[in-house]
Amino acid sequence: MSHCLVTGHLTTKSDVYSYGVVLLELLTGRRVVDKSRSNGGKSLVEWARPLLRDQKKLYSIIDCRLEGQFPMKGAMKVAMLAFKCLSPHPNARPTMSDVVKVLEPLQDFDDVFIGPFVYVATAWLGRHNEEVLSDVTVDRNRELQKNDG
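The sequence shown: position 141 = 648 (the numbering used here), numbered continuously.
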């Protein structure tokens, strides 16, 4: 459980925990709170955190919509970072500077196919949530040219 939920104090370490939750949501494609999920009453963090350290188990929790769009080595690094950010002990969590140091080199991975993918967001429409699909296409050549120029 988050330190800020227990103590009511917001700190930079609680920000790091929250960032770990965001990383976990990105890896799994799941919401942190999802009452439709049957996982024995566990939160996303309680369910996934023990699986983040093992590559075989990690692969089973990665959002299947990401298949073929990421290098497993990069996913492992993000998973280990999320694991550290989600530590129940605030002093064991990395600083945001350390988080950036881990994430920056991941931008250089070029062994991944970057192409069309679908982003699923939930839109609040009055009393009902509705999933909104948005096709997003990334033109890698244009991106590379922009970075070189």
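Quick caveat, the hints were computed from the structure, so don't treat them as lab data. On a predicted model such as this, the values are computed, not experimentally measured, just so you know. Mixed in with the good hints there might be a few duds.
When the alpha-carbon atoms are kept at most 20 Å apart in a straight line, the in silico DMTMM-like pairs for lysine to aspartate or glutamate are as follows [stated by the list, open to error]:
1) K549 with E611
2) K580 with D541
3) K591 with E574
4) K563 with E611
5) K591 with E532
6) K584 with D615
7) K564 with E532
8) K591 with D561
9) K591 with D541
10) K584 with D561
11) K584 with D605
12) K563 with E553
13) K580 with D522
14) K580 with E611
15) K564 with E574
16) K564 with E553
17) K549 with D570
18) K580 with E553
19) K580 with D615
20) K584 with E574
21) K580 with D561
22) K580 with D605
23) K584 with D570
24) K580 with D570
25) K608 with E553
26) K563 with E574
27) K584 with D541
28) K549 with E574
Okay, the hints, checked on the actual structure:
| no. | hint | in the structure |
| --- | --- | --- |
| 1 | K549 with E611 | violated, 32 Å |
| 2 | K580 with D541 | violated, 28 Å |
| 3 | K591 with E574 | violated, 24 Å |
| 4 | K563 with E611 | violated, 25 Å |
| 5 | K591 with E532 | holds, 15 Å |
| 6 | K584 with D615 | holds, 13 Å |
| 7 | K564 with E532 | holds, 16 Å |
| 8 | K591 with D561 | holds, 14 Å |
| 9 | K591 with D541 | violated, 23 Å |
| 10 | K584 with D561 | holds, 11 Å |
| 11 | K584 with D605 | holds, 13 Å |
| 12 | K563 with E553 | holds, 18 Å |
| 13 | K580 with D522 | violated, 26 Å |
| 14 | K580 with E611 | holds, 14 Å |
| 15 | K564 with E574 | holds, 15 Å |
| 16 | K564 with E553 | holds, 15 Å |
| 17 | K549 with D570 | holds, 18 Å |
| 18 | K580 with E553 | violated, 23 Å |
| 19 | K580 with D615 | holds, 12 Å |
| 20 | K584 with E574 | holds, 17 Å |
| 21 | K580 with D561 | holds, 12 Å |
| 22 | K580 with D605 | holds, 19 Å |
| 23 | K584 with D570 | holds, 16 Å |
| 24 | K580 with D570 | holds, 16 Å |
| 25 | K608 with E553 | violated, 26 Å |
| 26 | K563 with E574 | holds, 15 Å |
| 27 | K584 with D541 | violated, 26 Å |
| 28 | K549 with E574 | violated, 25 Å |
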